[in-house]
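> What follows is the residue order along each chain.
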Amino acid sequence: MTNHYIDLKNSDCILIMGSNAAENHPIAFKWILRAKDRGAKIIHVDPRYTRTSARCDYHVPLRSGTDIAFLGGMIKYIIDNNLIQDEYVKYYTNASQIISPNYDFQDGLFTGFDAEKRSYNKKTWTTEKDEKGIPVRDYTLENPRCVYQMLKKHYERYTVEKVSSITGVSKENLLKVYKEYGATGAPNKAGTECYALGWTHHTTGSQIIRAMSIIQLLLGNMGVCGGGINALRGEPNVQGSTDHAILYNILPGYLKMPTGSIDTLAKYNEKYTSKSTDPQSANWYQNYPKYTVSFLKAMWGDEATPENDFGYSWLPKMDDGKHHSIMHTIDAMYAGKIKGFFAYGSNIAVSSPNSNKVRKGLQKLQWMVNVNLFDNETASFWKGPGVDPKTVDTEVFLLPASASMEKAGSQSNSGRWVQWRYRAANPPGEAMSDGTITMLIMDAIRALYREEGGACWEPILNLKWDYRNSLGRFDPLKVAKQINGHYTKDLVIEDKVTGSKEVNKKGETVPSFAKLLADGSTSCGNWLMAGSFDQKGENKMAKRGKEDPTGLGLYPDWGFAWPLNRRIIYNRASCDPQGKPYNPKMKLLEWVGDRWVGDVADGPWPPLADKEKGKFPFIMKADGVGALFGPGMVEGPFPEHYEPMEGPLTKNPLSGQLLNPAVKVFKSDLDTFANADQKYPYVCTTYSATEHWCSGFTRWQPWLLEAMPEAYVEISDKLAEKLGLKNGERVKVASIRGQVTCVAMVTKRLKPFEVEGKVIHQVGMPCNYGWFNPVETADDSVNHLTPAVGCPNTFCPEYKAFMVNVSKV
Amino acid sequence: MSQELIKLIDLSRCTACRGCQIACKQWNELPASRTKNTGSYQNPPDLQWNTWTLIRFQEHVDRSGSVKWLFRKDGCMHCTDAGCAKVCPTEALYHTEFGNVSLNVDKCIGCKACMYACPFGVPKFNAATNKIYKCDLCYTRLQGNQPPACVLSCPTGALQIGPKDTMLNKAYKRVKELGGDANVYGDKFVDGTHVVYVLPEKAEVYDNLPKDPKIPLQIIVWKEFLKPAGLMVAGAVVAGAFLHYITHGPKMPEEETTSEGGTTS
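Here the protein sequences come in this chain order: A and B.
All letters in the first sequence, in the order written, are residues 1 to 809 by our numbering.
All letters in the second sequence, in the order written, are residues 1001 to 1265 by our numbering.
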């Protein structure tokens, strides 16, 4: 989240779209209801009327997979009705920049598309710079090639009539939402958006979120209380998992994972260090090398020296042009290319798309290590439905793991609040924490390398690997301190101007990433976490101060919010160029005298109006401003509506390009699609029930199972009538990839849509069920139906829009 | 000073998360039943001997044709004029200092009279133990100055507990804020309940919620009139017989007399 959970109460208008917040984020919903108590409008846009809809002001049903059409219509409405926050858009976004003459968009494609490679060459996606390298700006926003005018031109096609026909949303509902949300463009009003997997689980997922970022920038809602883009993340520590880089393509702190061709530290730093000649742009990523080197020091300690590039050559690299998301890994498994697989707290046989392909892939592994609280469909894939154990050669290990309250450590919530947790109970039997298990496995690997040698021994034997406490047990506090960072030697820094001396001793924890250096004198496992300990070594993540001096719900002494305990990021944008808050009733920040007062400001520099020392507010961007034109995405600098990989239409009503042109499709015999196919006429979405956890290990918990005992498909009463189905009857749901059985839940909460003149039915199923338990269950994972295809930026699979048929069993 | 408490259920804040339903199970160590999905999120389908609170799900089409999903936390209303406590022959069901109706399960003889007496269908029978069970408002937690488990678990503040007058004031204030058909349910019958609802819709709209709950007439007639009257009459007969014995002594057999005709000896 750019903001945080408690801040939701400060909003004037909350759009919940791509999220079923009351059901999947029940605690967050408390704060949404506090906003409602203050008079805020809460709007729920979702294919289904859910428990969230029941508590919102109103529910707007839309066909799953059409969010960009909806949001594009909102962008057009905001521009056409002059609802933008004028000053904010001019000075804090790239609206005024001039797009290069060779950029164009025609009939669904941007310039630079290579149809064979299914990818774009982005060299035309740039804005013009002057001779000093500073962006050319037209603050009147009238130049026809300026970003603002080109944005307007791009969304001209997204009329209310067109959007209604694509999404199935009535014109009345579209205008109602657009008007209500658009009103937050007023400087003293803030609108926020809460999204979750309803937005990310699409082949256009990242662009949906970008479309909302554009809206938030146009309305001046970024960096203010009650505003921002608030991703409600999927489980208590998934934020921690991405912060600490459990994803294949990043290093801790969202540094980039290098590819093989970037073979020296200099090349790596050159490629990723952001450059700017504009004195008013803070260009914070100019500090990139300090974070890279400090990270390498954290990995290899004293073995990382300037002479060996701080161990850069020991860092694993990705193959150029290749990706290793879970879908790619499963594809490689199915092709027989993966020997061994670690499944840590994961049940891919239930949770990954195209279950048939996943389970057949698992059968080709030589070995698998499952680290989990329970046995499940993945650990027992070898005795699953239709599998003869005699034909499976995989050696499977199931290592029992401690649950989260059975081990100490930190958890990072969606709001970037990192909270230290103590161990509340001992794990049962032989169960151990993930940290202990990982440490013991690596200890054994290192011992083998010492005895037997082996390929690439340096990164393994040179690893800084002293994370034991005095009893010899895994010590999460030591790891946390390593992540925070420390001085690797005594370091005295003299300020020549003031004459003051800063004395840092070897081993002291660094109090801020601003102290990190690129010469090896600092070590830091994750630059974002620097400051989670203060210089005396006090664990700020363990703080539980209940004071809230601003009354805005910031609670600066509760836990540690990265970065640097900043509670709302981009907060300099909450003030005008003179440093006065746009909303005097919610003073997140204010420039008083010679400093910022309020939240931890995005840097100490004066506001923009100070021509000498003032800086633009979006300090992580090279040009310092929010991106309306965003060339960082793989499929285009402006979000564009494309239909889901499998949908009901043969033609995209908005262009000649039906599908996301950059989507990668796997070529195995099991990767089949049925677009606009009479055999699979209904749009299906999938989701989690409140009562169950992800792939459903809560099916082991009798009270939760009692409340939600079996898999179901929610179908509208109109569709049930058409198919002759009764509520509670057993049915079969099938896609071209597979089929499952479940209970039919006939409901008035789903309604058919009118899309391009046709009646399209929407159905939905929970993803929490699988064959393993309860023992008598006949129903298997809904992911037998879903396609292994996803957003080309993130490879989040398209779980939320594909085509099925529903019939009697 | 009265220690009477009211648990306020503000349905306008309920998201049907079932935290309360599960928390009750956990605190009271109630076993789960194996259930089936019969086409609803509601499970178990009704209150049971091992389910003391239940979230009811109801799809309702209002006057304007809009679909609404109504949620209601069902459970013991802890009536002041409690039919169950009235009929219980062993006083297993009894009122506490907080106004709730607690259950001393050891004293329950399984007569099921309370099941007929309750206007809300709350007490449920377990044939295996021959006893009834119901919510006791977490009496032992109240004694320890703790909220009931359900109240503690509620993430949105739909469930609150506090002194009777304070909570009634809150309820009426909330109903005024909500406007429309919102109303307070509980304070106007059975001499006032200790579980009070803020209902966003009229009471008659909700499944299984009596609009005007009363203890069944037979129970009132039996308990208020016939039984006392019968006891009085029975008492009078015993007293009368005792007095007669004291004053006239025991009844002796009469001397036989003969009349014309034969002799007796």
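Among the clues, some could well be false.
Stated by the list, open to error - Taking lysine to aspartate or glutamate pairs in the DMTMM-like style, the calculated list, with each CA pair at most 20 Å apart, reads:
#, chain 1, residue 1, chain 2, residue 2
1, B, 1036, A, 779
2, A, 751, B, 1059
3, B, 1036, A, 710
4, B, 1068, A, 57
5, A, 718, B, 1059
6, A, 664, A, 116
7, A, 758, A, 161
8, A, 748, B, 1062
9, B, 1202, A, 57
10, B, 1068, A, 23
11, B, 1068, A, 717
12, A, 748, B, 1165
13, A, 751, B, 1062
14, B, 1036, A, 57
15, A, 748, A, 57
16, B, 1176, A, 37
17, A, 718, B, 1204
18, B, 1170, A, 37
19, B, 1176, A, 57
20, B, 1173, A, 37
21, A, 481, A, 494
22, A, 36, B, 1204
23, A, 726, B, 1059
24, B, 1188, B, 1204
25, A, 90, A, 138
26, A, 36, B, 1181
If you're looking for bench data, these hints aren't it; they were derived computationally from the structure.
For clarity, every value in this text was computed on a predicted model and none was experimentally measured.
> Indicate, hint by hint, whether the structure satisfies it.
Each hint tested on the structure:
1. For the proposed pair residue 1036(B) and residue 779(A), the alpha carbon gap of about 13 Å is at most 20 Å, so the pair holds.
2. For the suggested pair residue 751(A) and residue 1059(B), the alpha carbons sit about 14 Å apart, so the restraint of at most 20 Å is met.
3. Between residue 1036(B) and residue 710(A) the CA atoms are separated by roughly 7 Å; this keeps the pair inside 20 Å, and the hint holds.
4. Proximity of residue 1068(B) to residue 57(A) is assessed by CA-CA distance (about 11 Å); at most 20 Å being required, the pair is judged to hold.
5. Among the hinted pairs, residue 718(A) with residue 1059(B) is consistent with the structure: their alpha-carbon atoms are about 15 Å apart, no more than 20 Å.
6. Simply put, residue 664(A) and residue 116(A) have alpha-carbon atoms about 11 Å apart, close enough for the 20 Å limit, and the pair holds.
7. For the hint linking residue 758(A) to residue 161(A), the alpha-carbon distance of about 15 Å falls within 20 Å, and the restraint holds.
8. A distance of roughly 12 Å separates the Cα atoms of residue 748(A) and residue 1062(B); the hinted pair therefore holds under the 20 Å criterion.
9. Proximity of residue 1202(B) to residue 57(A) is assessed by CA-CA distance (about 19 Å); at most 20 Å being required, the pair is judged to hold.
10. Distance hint between residue 1068(B) and residue 23(A) is fulfilled; the C-alpha atoms sit about 16 Å from each other, no more than 20 Å.
11. Between residue 1068(B) and residue 717(A), the direct Cα distance comes to roughly 15 Å. Compliance with the 20 Å bound is thereby established for this hinted pair.
12. With a C-alpha separation of about 40 Å, the suggested pair residue 748(A) and residue 1165(B) falls outside the 20 Å cut-off, and the hint is violated.
13. A threshold of 20 Å between alpha carbons decides the hint, and for residue 751(A) with residue 1062(B) the separation of about 16 Å falls inside it, so the pair holds.
14. Between residue 1036(B) and residue 57(A) the alpha-carbon distance is near 33 Å, which puts this suggested pair outside the 20 Å criterion.
15. Straight-line distance between C-alpha atoms of residue 748(A) and residue 57(A) comes to about 18 Å, which keeps the hinted pair within the 20 Å bound.
16. At roughly 13 Å between alpha-carbon atoms, residue 1176(B) and residue 37(A) fall within 20 Å of each other, so this suggested pair holds.
17. Note on residue 718(A) and residue 1204(B): the hinted pairing is violated, with a Cα-Cα distance of about 27 Å set against a maximum of 20 Å.
18. Pair hint residue 1170(B) plus residue 37(A) holds up; C-alpha atoms about 14 Å apart against a cutoff of 20 Å.
19. For the proposed pair residue 1176(B) and residue 57(A), the alpha carbon gap of about 17 Å is at most 20 Å, so the pair holds.
20. With a C-alpha separation of about 13 Å, the suggested pair residue 1173(B) and residue 37(A) falls inside the 20 Å cut-off, and the hint holds.
21. Our distance criterion of 20 Å between C-alpha atoms is broken by residue 481(A) and residue 494(A), whose separation comes to about 26 Å.
22. Of the supplied pair hints, the one linking residue 36(A) and residue 1204(B) is violated, its CA atoms being roughly 27 Å apart against a limit of 20 Å.
23. A hinted pair counts as satisfied when its Cα atoms are at most 20 Å apart, and residue 726(A) with residue 1059(B) qualifies at roughly 16 Å.
24. Restraint check for residue 1188(B) and residue 1204(B): satisfied, since their Cα atoms lie roughly 15 Å apart, inside the 20 Å limit.
25. Taking the CA atoms of residue 90(A) and residue 138(A), the gap is near 9 Å; set against the 20 Å cutoff, the hint holds.
26. Distance check on the hinted pair: residue 36(A) and residue 1181(B) sit about 19 Å apart at the alpha-carbon level, within 20 Å; holds.
When held up to the earlier numbered hints, the structure conflicts with 12, 14, 17, 21 and 22 and fits the remainder.
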